[in-house]
Amino acid sequence: MGEETARRRVRSQRNHAMERDIGRALRETREQVGLSRETLAARMGLRPDQLKRMEEATNVLTASRLEAAARELGVRVGHFYGGHDPMRVASCPPGIPPLMDHPESHDLMQAYAAAPREVRKNFAALLEVLARR
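Position 114, counted from 1, in the sequence shown is what the UniProt record's numbering calls 114; the numbers after and before it change by one each time, with no gaps.
Check before you lean on any hint, since a few could be wrong.
[Unchecked claim] Listed below are the simulated SDA-like cross-link pairs for lysine to any residue, each with C-alpha atoms no more than 20 angstroms apart in a straight line:
#1 52 / 34
#2 52 / 27
#3 52 / 16
#4 52 / 28
#5 52 / 36
#6 121 / 108
#7 52 / 79
#8 52 / 63
#9 52 / 65
#10 52 / 66
[What the hints assert, rightly or not] For each label pair, taking beta carbons as the anchor points, the in silico distance ranges come out as:
#11 117 / 42: 35 to 43 angstroms
#12 24 / 47: 17 to 25 angstroms
#13 127 / 28: 38 to 46 angstroms
These are computed hints drawn from the structure, not numbers from a lab. From the three backbone atoms N, C-alpha and C, an ideal C-beta is built for every residue, glycine too.
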């Protein structure tokens with residue numbers, strides 16, 4: 001087996017483990033909140049069997065559905081990741097720390113998202129200049 005094939009297999013196994021853990025966290029949170037699968041599914045616009053498959057990781061839980069589940073259960077999306085860091089899912093290039101390792105990153109991201117498009121564009125250019133110093 002080639003090196004690239006082996007890497008893909010390891011990545012796939014790691015991703016499936018994460019999906020399983022997220023599904024388990026979804027089920028456990030739903031149970032802790034006291035919602036039935038039927039109730040949460042209805043609030044999310046799903047059938048109970050769809051939610052069951054997401055909890056069992058046989059169906060992929062999309063970002064929008066994960067966000068809807070978090071909203072209905074009163075938790076942050078990151079709650080479902082448990083031991084997995086959602087910002088580390090896509091690995092950073094060597095020598096570049098993951099964005100969320102910095103304590104000020106969350107506030108910076110919120111301010112950036114709230115800014116008008118032109119301000120964001122100028123801010124990105126400014127950051128590039130400052131980063132080169």
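Evaluation of the provided hints:
no.: 1; hint: 52 / 34; in the structure: holds, 16 angstroms
no.: 2; hint: 52 / 27; in the structure: holds, 8 angstroms
no.: 3; hint: 52 / 16; in the structure: holds, 16 angstroms
no.: 4; hint: 52 / 28; in the structure: holds, 12 angstroms
no.: 5; hint: 52 / 36; in the structure: holds, 11 angstroms
no.: 6; hint: 121 / 108; in the structure: holds, 14 angstroms
no.: 7; hint: 52 / 79; in the structure: holds, 19 angstroms
no.: 8; hint: 52 / 63; in the structure: holds, 17 angstroms
no.: 9; hint: 52 / 65; in the structure: holds, 13 angstroms
no.: 10; hint: 52 / 66; in the structure: holds, 13 angstroms
no.: 11; hint: 117 / 42: 35 to 43 angstroms; in the structure: holds, 37 angstroms
no.: 12; hint: 24 / 47: 17 to 25 angstroms; in the structure: holds, 20 angstroms
no.: 13; hint: 127 / 28: 38 to 46 angstroms; in the structure: holds, 39 angstroms
Of the hints listed earlier, there is not a single one the structure fails to meet.
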